[in-house]
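Number of protein chains: 2
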Amino acid sequence: MTAAPADAGEGPLAIICGGGALPFAVADAVMRRGRGVVLFPVRGWVDPQAVARYPHHFIDIGRYGRFHRQAKAAGCRDLVMIGTVLRPALRDIRFDWQALRELPAVIRMFRGGDNHLLSILARLFEKRGFRFVGAHEVAPEILMPQGAIGRREPSARDRGDIARGVALLSAIGRFDVGQAVVVADNYVLAIEAAEGTDRMLARIADLRGEGRLRSAAGAGVLVKVPKPAQDRRFDLPAIGPATVAGAARAGLAGIAVMAGAAIVAEPAEVGAAADRAGIFVTGIAPDEGAP
Amino acid sequence: MTAAPADAGEGPLAIICGGGALPFAVADAVMRRGRGVVLFPVRGWVDPQAVARYPHHFIDIGRYGRFHRQAKAAGCRDLVMIGTVLRPALRDIRFDWQALRELPAVIRMFRGGDNHLLSILARLFEKRGFRFVGAHEVAPEILMPQGAIGRREPSARDRGDIARGVALLSAIGRFDVGQAVVVADNYVLAIEAAEGTDRMLARIADLRGEGRLRSAAGAGVLVKVPKPAQDRRFDLPAIGPATVAGAARAGLAGIAVMAGAAIVAEPAEVGAAADRAGIFVTGIAPDEGAP
Numbered sequence: 197m198t199a200a201p202a203d204a205g206e207g208p209l210a211i212i213c214g215g216g217a218l219p220f221a222v223a224d225a226v227m228r229r230g231r232g233v234v235l236f237p238v239r240g241w242v243d244p245q246a247v248a249r250y251p252h253h254f255i256d257i258g259r260y261g262r263f264h265r266q267a268k269a270a271g272c273r274d275l276v277m278i279g280t281v282l283r284p285a286l287r288d289i290r291f292d293w294q295a296l297r298e299l300p301a302v303i304r305m306f307r308g309g310d311n312h313l314l315s316i317l318a319r320l321f322e323k324r325g326f327r328f329v330g331a332h333e334v335a336p337e338i339l340m341p342q343g344a345i346g347r348r349e350p351s352a353r354d355r356g357d358i359a360r361g362v363a364l365l366s367a368i369g370r371f372d373v374g375q376a377v378v379v380a381d382n383y384v385l386a387i388e389a390a391e392g393t394d395r396m397l398a399r400i401a402d403l404r405g406e407g408r409l410r411s412a413a414g415a416g417v418l419v420k421v422p423k424p425a426q427d428r429r430f431d432l433p434a435i436g437p438a439t440v441a442g443a444a445r446a447g448l449a450g451i452a453v454m455a456g457a458a459i460v461a462e463p464a465e466v467g468a469a470a471d472r473a474g475i476f477v478t479g480i481a482p483d484e485g486a487p
Numbered sequence: 197m198t199a200a201p202a203d204a205g206e207g208p209l210a211i212i213c214g215g216g217a218l219p220f221a222v223a224d225a226v227m228r229r230g231r232g233v234v235l236f237p238v239r240g241w242v243d244p245q246a247v248a249r250y251p252h253h254f255i256d257i258g259r260y261g262r263f264h265r266q267a268k269a270a271g272c273r274d275l276v277m278i279g280t281v282l283r284p285a286l287r288d289i290r291f292d293w294q295a296l297r298e299l300p301a302v303i304r305m306f307r308g309g310d311n312h313l314l315s316i317l318a319r320l321f322e323k324r325g326f327r328f329v330g331a332h333e334v335a336p337e338i339l340m341p342q343g344a345i346g347r348r349e350p351s352a353r354d355r356g357d358i359a360r361g362v363a364l365l366s367a368i369g370r371f372d373v374g375q376a377v378v379v380a381d382n383y384v385l386a387i388e389a390a391e392g393t394d395r396m397l398a399r400i401a402d403l404r405g406e407g408r409l410r411s412a413a414g415a416g417v418l419v420k421v422p423k424p425a426q427d428r429r430f431d432l433p434a435i436g437p438a439t440v441a442g443a444a445r446a447g448l449a450g451i452a453v454m455a456g457a458a459i460v461a462e463p464a465e466v467g468a469a470a471d472r473a474g475i476f477v478t479g480i481a482p483d484e485g486a487p
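Just so you know, the protein sequences line up as chains A and B, in that order.
Note that this note's numbering has the first sequence beginning at 197, numbered continuously upward.
Note that this note's numbering has the second sequence beginning at 197, numbered continuously upward.
Honestly, the hints are just simulated from the structure, not real lab data.
Note that the coordinates shown come from a computational prediction; the quantities given were computed from them, not determined experimentally.
Hints should not be assumed to be uniformly reliable.
[As the list claims (entries may be wrong)] Quick list of the computed label-pair ranges, beta carbon to beta carbon:
1) E349(B) x A468(A): 54 to 64 Å
2) R353(A) x G325(B): 29 to 39 Å
3) D224(B) x R408(A): 53 to 63 Å
Ideal Cβ positions, reconstructed from N, Cα and C, are used throughout, including at glycine.
Required output: the full structure, derived from the provided sequences and hints.
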């Protein structure tokens, strides 16, 4: 992970945007550093009003040729891809001519896990003269710092749960599956796969409400780490105020993410939400994960 | 795994029963072999009417002394523990005097995963002169055979998904976590932890209904295997007609469990349900899991 300062001499940054607040946090950080941005919101995933205050062109998955022409015309060479976009069904994508030429590779993308998809996508764009950079490289202030944000700190028991969660995520990393687990008092309550972190937390809250968890409320940690083989330009784990709310509803003691390897779009809001909920949110050093 | 024939000379078999149909399937199989049974249903988990046709004494978790006296009075030395019982919160258990003497060990049980709990429980009972046996040892007809039950067989793609599922479960076995995953077209859709198999399948059905899964219905396998370190006397994975219904609602192609290492209480019903639902249910040889 490098946190190179943005180079204003390289033309505006193209930001391919999915849903959520993150794309705007990145755009604002890049602009504060004096570099221009052009947003390419994926149609259906981004609020047209929110994007209106930036130079932007809506794009459609499968219309690579149009994106290529617009990005080149805007003088963009560097691309950032950030925000939520669910992989559509192949049959729902309408391809333009230039995308169709890449179709054999695109079809390969639709097999295997997400890592695989994003790496192939990167190679396709790079063959055409673009360069993918990580959002955290152009806007390092969005990365989780080490230590707690907010007032609470993890207890010794919480640190044990964190270490177990990190070890478990490391064991499943090669399967290109979830980046998050919930461990309470050394017991694994949930492992994330296709459902995503918010739903995993909602499941814990449901099980607890039904009396199906043995650990009392106030124990348990949501642990999120990057997959071992993850291309950090695309897919760093992210937390926000919604994650804090979900962890609090699940009755957890807190949230642990890898410092420098997770995105926190709104750290002040996240810290304040954690304090209100009485939970910790901490950035762990990579060696803290060692069991 | 040994499948020793029941020894009718050793007195009646004590069956500590949780919920579900399995305890009765085991009791009936043991009685068919000419051995007596005494059921010890855990209060709150077993229907009093269903248990009425067997000799039985209701028990409460934490009242070890009473169980000990009743089992000894009935001439039982061998114990089987089977059926669903969720681990209660420690504060909700009322201990009798004999159980209190074991309390330091019992408290240790309440940390760590289920394997750990059941192994300590077994040692406690064995110190008092009981012997735990596996339900499949006294009733081997409840074990899953090799190959398909029902008409459908897994395709080559399904076999790839099965191998990936087995490899993933093997990687997380040492964390004493779920025994089941769902893999569709090489992509891991769900990993079971505290929620149990039925809820994991319901989650897939929900995600599919919301269009959040990329794999089409008809792809994907529920894979269930014993944990590597599992004490098979207590905790073999089990499937039944409800598992078939859940897999069908989740839009999966089928179910794969390890032959000889999973319990199928009602194989005829399971095969018929699979045929009606158009899915396969197969018992895989241990070496089929090799990736």
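Now the hints, each set against the structure:
Between E349(B) and A468(A) the CB atoms are about 57 Å apart, so this pair conforms to the stated range of 54 to 64 Å. Under the hint 29 to 39 Å, the C-beta atoms of R353(A) and G325(B), about 37 Å apart, fit the expected range. D224(B) and R408(A) have their C-beta atoms about 29 Å apart, which leaves the hinted 53 to 63 Å range violated.
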